[in-house]
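Peer 1: Here the protein sequences line up with chains E, R and S, keeping their order. Mapping of the first sequence onto the working numbering: residues 279 to 772, in sequence order. Mapping of the second sequence onto the working numbering: residues 29 to 207, in sequence order. Mapping of the third sequence onto the working numbering: residues -15 to 330, in sequence order.
Think of the hints as simulated: they come from the structure by calculation, not from any bench. It cannot be assumed that every hint is accurate.
List time: in silico DMTMM-like cross-link candidates among lysine to aspartate or glutamate, alpha-carbon distance up to 25 Å [as the list claims (entries may be wrong)]: (1) E/K726 <-> R/D113; (2) E/K720 <-> R/E67; (3) E/K766 <-> E/E754.
Just some of the chain R residues that point at chain E, by a computed CB distance under 10 Å [as the list claims (entries may be wrong)]: (4) G85; (5) D113; (6) C139.
By construction, the Cβ of each residue, glycine as well, lies at the ideal position given by its N, Cα and C atoms.
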Amino acid sequence: MKLFDLKGGVHPEGKKDLSAERHIRALPLPKKLYVPLQQHIGAPATPIVNVGNKVLKGQLIATAQGAVSSSIHAPTSGTITALGDHVAPHPSGLPVPTITLESDGEDRWFMTRIVDDPLALAPEEVAACVAAAGIVGLGGATFPSALKLNLSRSSGVQTLIMNGGECEPYLTCDDRIMRERAVEIVEGIRLIAHAVAAKEILVGIEDNKPEAIAAMQEAAQGTTVKVVAMPSMYPMGSEKQIIQVLTGNEVPAGGRPADIGVLVHNVATAFAVQQAVRYGKPLISRIVTISGGAILQPCNLEVLIGTPLQELIDFNGGYTQPAARLVLGGPMMGQQFTNTNVPVVKGTSGVLALLASEIGHAEASPCIRCSTCVRACPVGLLPLEMAAHIRTADLTGAVALGLKDCIACGSCSYVCPAHIPLVHFFNYAKGDLAAQERSKLKQEATKKLAEARNERLARIERERAEAAAKRKAAREAKERAAKEAAAKAAEEAV
Amino acid sequence: MLFAAVVSLTILGTVFGLLLGVAARYLKVEGNPLVAELEQLLPGSQCGQCGFPGCTGAAQALADGSAPVTLCPPGGRAVVQLLADKLGIEADLSGVEEKGPMIAEVKEEICIGCTRCFKVCPTDAIMGAAQQIHVVFREACTACGKCEEVCPTESIKLQAVPVTLQSWYWNKPMAGEAV
Amino acid sequence: MSMELRTSPHQISDRSVERIMKHVVLSLLPVCGFSIWQYGLSALALLLTVTATCLATERLLNRAASQPSTLNDWSATITGVLLALTLPPAFPLWMAVVAGFVAIAIGKALFGGLGFNVFNPALIGRAFVQAAFPVAITTWVPAFSAQRFSEFVPTTLTAPLMMPPDIVEWIKLQAVDAFTGATPLARWKFENVVASSYDLLTGVVTASAGETSAILILLCGAYLAARKFMDWRIPVAVLASAALTAWMFQLYDPTHYPAPSFVLLSGGLMLGAVYMATDMATSPVTPLGVWIYGAVIGVVTVMIRYFGGLTEGVMYAILLGNALTPFIDLYTQPRVFGTRQQGKKK
């Protein structure tokens, strides 16, 4: 199959050998699970349980709210012990509404409804199963999958692309799941394709994972699923980039893959879909890679959603030495975290404990305009110019240069020889622009309120004046009448 | 020779003078539309924090250049940017370090329900009635501080809006350093 | 656990400014070595003096601005070495000090230091002394003179603020065959004598300290390009456009205009294309921009050589290219992913 070139991109050191040969193992049942209500893009789910309620594994504990949202299920059986704030898996370490579940150790399932021939279901039913199971994109974007299926079905999809790129260094969770659960994944892929009536199904896997490619090819035999080896390059696993490489088409700037008739899902999502549709199992666990130089024995674990990260780190012997930085996800786009009590959520693909030597020197020096960032940018931006604008507080200038098209892949920061934190500049600018947008909306709303109030005050004033005038007129009329009456009386008396 | 120069310059001067006079008459602008446009951009809550009598006064001052675009505290950086764009000048946003967004909050224990605060609130952001504890609508409060001034028990105060996961974002990296 | 909060990426490449600059200096060593072998003590003294002046100026200005020292980024060293290589080997040392000072102080520090300079600092230094000392900068000495390792050329040791002595007699004493005191470019321009490509390639000609051996400069540049410490597109664009321009002129009038190979190999074009035009801070950053920039330099160089009053035009061509860089960058911004060029519908 003909592949197309990726613009820009970098070749970070893979470091996947640390955990690539480690079989997926299940983490023992943790005592306490912290299940945040928002583990997806969109509105947080609303809890439907109360403190003290007993729940079974897989039971719905929070329902989706509004158009873009996702349901949340109990990862194991036990008792709800708290509905409150818990530290979020986020660099800020701010609290988020979280359901705390104390495990009863029995791990009893709520129900299992087995469908023998899931492909016989209607497309709508498949999407409904996916929605009911609370499945979100497991590649990291955590967009509600059912919504994506429904949107794609209505807009029409030519090509379904399954993303097995896993271009982030260190991460091997998708590699392992493809090696070990290829048959289930292929069934999941076919279910997704069935749900959106896709004509072409491509599975893109980077060629640094030959075992996964072989396993997937074997499982896909006799189906319309086509497994494609792609060159290893970062950010190959980014949605827009994988579409470009496999189809040669570019998703319009600011648009979605559906605009060019493509739907992209992660391979791990396909596994979750298969589990949900065939066995009725909601998304309550995922594969997580634990790796990094500070980890004694890197491994791939199947972990219940809500498990505190400390348990994952401790499971295989903990640290060899104190980590210089802890990261959720891959090193290129992952988020730093500082509190190891944060839970695994649906989007957690990896937990990395990195040494200072792995992170590298980070003292920034002036830009020498070497243009390495320009050539590394897969979007065709000028990172050095954008950062210079942001530095002088000219966010409008940065937006004009394409700040909003930046996918924050980190390629520019990775290659910058002056170690300028380019992505940090862009993250700051994007956040600041969003904050400005929010305050502008509020400004407009309060302005309307202020105008309404002024109008009301003016009206009250006017009405008061009118009423006073009326009273005055009535009084005068009365006086006049009285006077006339008096005059008349006097006249009569005369 | 000299005579010709004097004559030609005189004629030129007269012609251009006439042209200017005619232009001034026909292209006359009624009032200053800029003031109205600027006022549109201001919050309109007439809070007076800028030191001018209401938003119209502030717009007037902006238009004739006697006030900086950073004059409006409740407007925050968004308004600074809008005003700067309208006036076609560079806004020095770095100077407008907001104290972070603020919001009025009622300390329920000491609110006596005097109704003074909601009478002065320019955006009707306070709800309450006589002898009842008042409540602030976060979405409507512009943090103008008028309520704080009139509260007899110091029960209503401006507080920093707590940072949430939705409003948190990365700080600006190494402010002083070169790029 | 208290850790500083950082955004992604949490892994960076091993490239650094210091490493890039260090490799540029390293790659210049063979060129310096060849120059010293050709011209002996005078060339050595020139290299050391200019480089030391540049470093001292940089340090001095750092201190004046109470900034930390920027010597360890190696950029001042590069400026010094490159500047020395563009000067005639027997250039009076005190004038070389002036050149070095001007290069760093006016060419770089005045703009705000590394990365902010608009023009190549070494060329600013050279342009200054070219204007200030027109005779000294066109006084050439023969290569491979017998006593080159035992004595200085008299002009090298000219007392400060003094004009260098006339060295015609001294050159006669050296008894080097057929030395004319003119560079191949000058001989072509004024005497219509074209030097042999072999001599130009190996560098056995009259020239500035480091502009002699085209092949050596090419090899050093190839090393840098292979290690990705230099953008190979710029020298390729400069040389290709210069060759193309020369070739067209030769087609027009073969008797008057020399072959493209002569244009490529003579004068400072090789050093300029490989080491001067590729200065990162003063060349465009856009993929298309570097081609345009290189092409402009190549064409302008040939134009100055053929029609200008000077025999060599590389320096002014590159300075002009530097001046155009912001505009080239502005008008050659790469296409943003997912956007189409105007008028072309998807």
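Peer 1: Run the structure past the numbered hints and jot down the numbers of the failing ones, going up.
Peer 2: 4, 6
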